[in-house]
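There are 2 protein chains.
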Amino acid sequence: MWKQTAGGVCAPKGFRANGIHCGIRKNKIKKDLALIVADVRCATACVYTKNLVKGAPILVTQKHVADGYARAVIVNSGNANTCNPDGAEIAEGMCALVERHTGVARGDVVVASTGVIGQKLSLDPIEAGMEALVGGLGADAQNSAAAAEAIMTTDTVRKEVSYSFELGGKECRIGGICKGVGMICPNMATMLMFVTTDAAISPAMLQRALSDDVPDSVNMLTVDGDTSTNDTLCLMASGLAGNEEITEENEDYRTFCAALHAVTTEFCAMLAADGEGATRLIVCKVSGVCSKEDARLAAKAVVSSNLVKAMIFGADANAGRVMCALGYSGAKLNMSNASVRFCSAAGDLLTCENGMCVEFSEELAKAVLSEKRIEIDVVFRDGEGCATAWGCDLTYDYVKINGDYRT
Amino acid sequence: MWKQTAGGVCAPKGFRANGIHCGIRKNKIKKDLALIVADVRCATACVYTKNLVKGAPILVTQKHVADGYARAVIVNSGNANTCNPDGAEIAEGMCALVERHTGVARGDVVVASTGVIGQKLSLDPIEAGMEALVGGLGADAQNSAAAAEAIMTTDTVRKEVSYSFELGGKECRIGGICKGVGMICPNMATMLMFVTTDAAISPAMLQRALSDDVPDSVNMLTVDGDTSTNDTLCLMASGLAGNEEITEENEDYRTFCAALHAVTTEFCAMLAADGEGATRLIVCKVSGVCSKEDARLAAKAVVSSNLVKAMIFGADANAGRVMCALGYSGAKLNMSNASVRFCSAAGDLLTCENGMCVEFSEELAKAVLSEKRIEIDVVFRDGEGCATAWGCDLTYDYVKINGDYRT
Chain L
1 MWKQTAGGVC
11 APKGFRANGI
21 HCGIRKNKIK
31 KDLALIVADV
41 RCATACVYTK
51 NLVKGAPILV
61 TQKHVADGYA
71 RAVIVNSGNA
81 NTCNPDGAEI
91 AEGMCALVER
101 HTGVARGDVV
111 VASTGVIGQK
121 LSLDPIEAGM
131 EALVGGLGAD
141 AQNSAAAAEA
151 IMTTDTVRKE
161 VSYSFELGGK
171 ECRIGGICKG
181 VGMICPNMAT
191 MLMFVTTDAA
201 ISPAMLQRAL
211 SDDVPDSVNM
221 LTVDGDTSTN
231 DTLCLMASGL
241 AGNEEITEEN
251 EDYRTFCAAL
261 HAVTTEFCAM
271 LAADGEGATR
281 LIVCKVSGVC
291 SKEDARLAAK
301 AVVSSNLVKA
311 MIFGADANAG
321 RVMCALGYSG
331 AKLNMSNASV
341 RFCSAAGDLL
351 TCENGMCVEF
361 SEELAKAVLS
371 EKRIEIDVVF
381 RDGEGCATAW
391 GCDLTYDYVK
401 INGDYRT
Chain V
1 MWKQTAGGVC
11 APKGFRANGI
21 HCGIRKNKIK
31 KDLALIVADV
41 RCATACVYTK
51 NLVKGAPILV
61 TQKHVADGYA
71 RAVIVNSGNA
81 NTCNPDGAEI
91 AEGMCALVER
101 HTGVARGDVV
111 VASTGVIGQK
121 LSLDPIEAGM
131 EALVGGLGAD
141 AQNSAAAAEA
151 IMTTDTVRKE
161 VSYSFELGGK
171 ECRIGGICKG
181 VGMICPNMAT
191 MLMFVTTDAA
201 ISPAMLQRAL
211 SDDVPDSVNM
221 LTVDGDTSTN
231 DTLCLMASGL
241 AGNEEITEEN
251 EDYRTFCAAL
261 HAVTTEFCAM
271 LAADGEGATR
281 LIVCKVSGVC
291 SKEDARLAAK
301 AVVSSNLVKA
311 MIFGADANAG
321 RVMCALGYSG
331 AKLNMSNASV
341 RFCSAAGDLL
351 TCENGMCVEF
361 SEELAKAVLS
371 EKRIEIDVVF
381 RDGEGCATAW
391 GCDLTYDYVK
401 INGDYRT
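Sequence lines, in order, name chains L and V. Following our numbering, the numbering of the first sequence begins with 1 at its first residue and continues without gaps. Following our numbering, the numbering of the second sequence begins with 1 at its first residue and continues without gaps.
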């Protein structure tokens with residue numbers, strides 16, 4: 001239904017991007033300012049952190065996209081611009097700089113910041129960098145890559161995805177960049193995701209598609225359970241693909257939603273795999289549960305458990321910890337029906353059946369759990385509810401990175 | 001109102017205890033079997049884990065204390081007897097051994113197990129050890145110490161507390177032993193707490209006192225957020241102090257509750273300070289919130305946050321992480337009223353005021369956070385709700401202990 005293409009956030013028609021080092025960060029080889037500009041006003045949908053403490057850029061963005069449209073995104077890394085008395089003023093100032101240098105009205109600018117919380121963000125380096133930032137805008141793969149690099153914090157790899165798909169015979173594209181090695185707390189790695197498409201879709205349907213997608217994509221992702229103050233997922237549709245505009249829940253809408261889900265879930269796996277200090281990606285699939293919501297709770301609890309995470313780091317097939325996490329997940333589960341399997345490229349290992357632990361080969365267990373991608377498959381026999389969650393192992397390096405991040 | 005005494009679980013009149021190595025564990029210098037026997041049938045109240053997966057000993061204990069009375073407690077460490085098909089049979093077998101060797105009816109025996117989940121527990125070493133275990137029963141301080149040692153898993157210190165207090169002019173005592181370096185998952189350190197008293201109190205009032213106590217004591221304790229399958233808190237009252245039996249919520253009841261709370265909260269601090277791999281105790285106090293429940297949610301979220309825990313390990317005063325945890329705690333909070341202070345023996349450090357981060361001395365910050373006991377004081381101006389939660393830092397050793405516990 002969709003196939004992978006190149007170009008990241010610039011793959012869809014009508015989007016240019018760039019990323020530079022402007023000086024918010026002291027480290028000169030690390031880019032810290034990104035810009036995405038669309039050729040036309042785009043239908044725009046956003047979702048934000050549910051944290052009561054919201055970064056000032058979120059409050060400004062909410063206002064700017066209230067009419068369902070935007071044309072540019074400016075993002076800095078190195079400073080979250082959160083819990084600062086002048087935060088909103090600075091965020092508005094960033095939008096005004098975009099207006100001055102690109103002509104895009106400030107009210108059509110999405111703004112985001114990521115980095116340390118509670119430290120003043122100065123407009124000076126941003127202002128000084130605008131000319132180079134705007135001058136370097138382009139629609140090539142390296143432009144998307146530069147933007148993807150500029151939004152990274154503790155990420156170790158840049159994250160881009162793009163797909164093509166068809167709507168009514170017209171080729172459409174969807175692509176994006178993201179950062180944030182988990183739903184991690186403000187001062188290091190809040191989740192930011194910017195997705196563009198050239199499909200024509202109304203703002204209302206775009207928001208519906210996004211809001212329906214996140215419960216099974218980014219909301220099922222965790223590195224450490226700390227929901228950031230700055231999480232933002234912004235989806236912009238230029239409409240330049242030439243398809244008939246999607247204005248209702250028709251076949252085209254479902255095709256678009258499937259392509260969107262391919263992008264957001266691939267990003268989830270990329271973010272979890274790059275989780276702070278992580279050595280392994282953990283994907284937990286729960287199925288056969290009475291309701292979808294119970295399946296989500298159960299899968300999320302397994303990948304959130306520090307003990308499961310530490311066990312995967314140690315490649316120790318301690319299935320009791322999975323049973324324990326399921327048991328306290330809050331999901332309605334018939335535990336005496338549970339079976340638990342650890343699966344990877346090295347094989348499948350059954351560890352629990354009918355709610356009881358079973359004997360297994362320690363040799364196979366070690367082989368299965370030594371791979372980079374570990375799937376924990378939990379199957380019940382009580383219904384159709386299923387869900388997938390993404391997480392990573394808990395390592396010495398997670399503690400190291402977070403024990404002394406700020407200073 | 002109450003004062004510290006010696007004797008632990010044997011401090012109150014009418015209780016004898018012992019602990020031995022019987023062979024459940026391979027390590028011969030680690031005791032693994034404990035017994036507490038009362039001279040009389042005791043009013044007995046229990047609370048258990050809310051995990052859907054419950055250890056077999058819990059199911060047996062629930063049945064045995066259904067009438068509100070018990071006379072003995074048998075506990076093994078090294079094996080949780082959970083997720084085993086024959087678990088209930090083995091737990092009943094342990095109670096039958098107590099009956100055969102002490103004469104206490106098996107239906108008056110509380111049974112608990114802690115250790116690895118999903119591994120068969122054999123009665124053989126327990127049976128072989130019963131004669132020595134019962135032969136060594138006594139009411140001296142070293143008897144309580146032996147029992148406290150026998151229930152330890154990854155605990156590094158044994159945990160005993162005892163107090164005396166007065167009811168109607170009669171001296172009463174309350175004491176206990178506990179283990180479990182957090183509300184940690186089955187295969188290493190489930191929380192077990194056994195508290196005895198010689199106060200006379202009816203089973204109904206004893207259960208009420210216990211059930212009212214736990215929301216502000218053990219339920220506010222966390223090491224890693226993983227709720228165990230075997231958590232058990234058992235409170236037994238011999239009535240041998242000679243006070244008028246407490247049968248209603250009178251002054252004596254409130255005095256008893258205060259003494260009980262002194263024991264359970266002291267245990268919480270001891271357990272958190274000995275949290276797996278922990279180097280520092282974190283005590284978070286939240287006050288000035290609209291409701292008690294909101295204060296509990298907020299305080300618990302702060303001590304549960306991996307990022308706050310890693311920050312305390314690194315002695316890095318990153319107050320934004322506290323603000324972030326408060327913000328996602330689920331509590332109804334007026335964040336623009338929040339002030340956050342880090343306090344320890346080295347001084348007080350104001351880090352946030354009116355919801356915004358403030359500047360502080362990095363030197364003082366390092367000094368304050370380098371102590372063994374760190375208090376995080378969060379004050380709002382919205383009501384009378386307050387709560388305290390206990391936790392510990394997240395360290396390399398936590399990952400080490402849990403990366404390879406089973407094998």
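Read the hints as simulated data drawn from the structure, not as lab findings. Just so you know, not all the hints are guaranteed correct.
Because identical chains cannot be distinguished in the list, a pair is counted as satisfied if it fits within a single copy or across any two copies.
Below, computed lysine to any residue pairings styled on SDA-like, alpha-carbon distance capped at 25 Å [unchecked claim]:
hint, residue 1, residue 2
1, 372, 67
2, 372, 339
3, 50, 334
4, 285, 219
5, 30, 137
6, 50, 62
7, 400, 364
8, 26, 203
9, 400, 373
Fair warning: this is a prediction, and the values are worked out from it, not measured in the lab.
Okay, the hints, checked on the actual structure:
Taking identical chains as interchangeable, the C-alpha atoms of residue 372 and residue 67 are never at most 25 Å apart, the minima being 44 Å within one chain and 53 Å between chains. In the homo-oligomer, the alpha carbons of residue 372 and residue 339 lie at most 25 Å apart inside one protomer (23 Å), although the nearest pairing across protomers, at 43 Å, exceeds that limit. Taking the closest pair of Cα atoms, residue 50 and residue 334 come within 25 Å of each other only across two copies (15 Å); inside a single copy the shortest separation is 30 Å, beyond that limit. When the C-alpha separation of residue 285 and residue 219 is checked against a cutoff of 25 Å, the pair qualifies only within one copy, where the shortest distance is 14 Å, while the shortest distance between copies is 30 Å.
With identical chains, the CA atoms of residue 30 and residue 137 are at most 25 Å apart within one copy only, with a shortest distance of 18 Å there and 67 Å across copies. In the homo-oligomer, the alpha carbons of residue 50 and residue 62 lie at most 25 Å apart inside one protomer (13 Å), although the nearest pairing across protomers, at 40 Å, exceeds that limit. Taking the closest pair of Cα atoms, residue 400 and residue 364 come within 25 Å of each other only across two copies (22 Å); inside a single copy the shortest separation is 31 Å, beyond that limit. Taking identical chains as interchangeable, the C-alpha atoms of residue 26 and residue 203 are never at most 25 Å apart, the minima being 39 Å within one chain and 66 Å between chains.
Proximity of residue 400 to residue 373 under the C-alpha cut-off of 25 Å is found in both arrangements, the shortest distances being 23 Å within a copy and 21 Å between copies.
Of the hints listed earlier, those the structure fails to meet are numbers 1, 8, in rising order.
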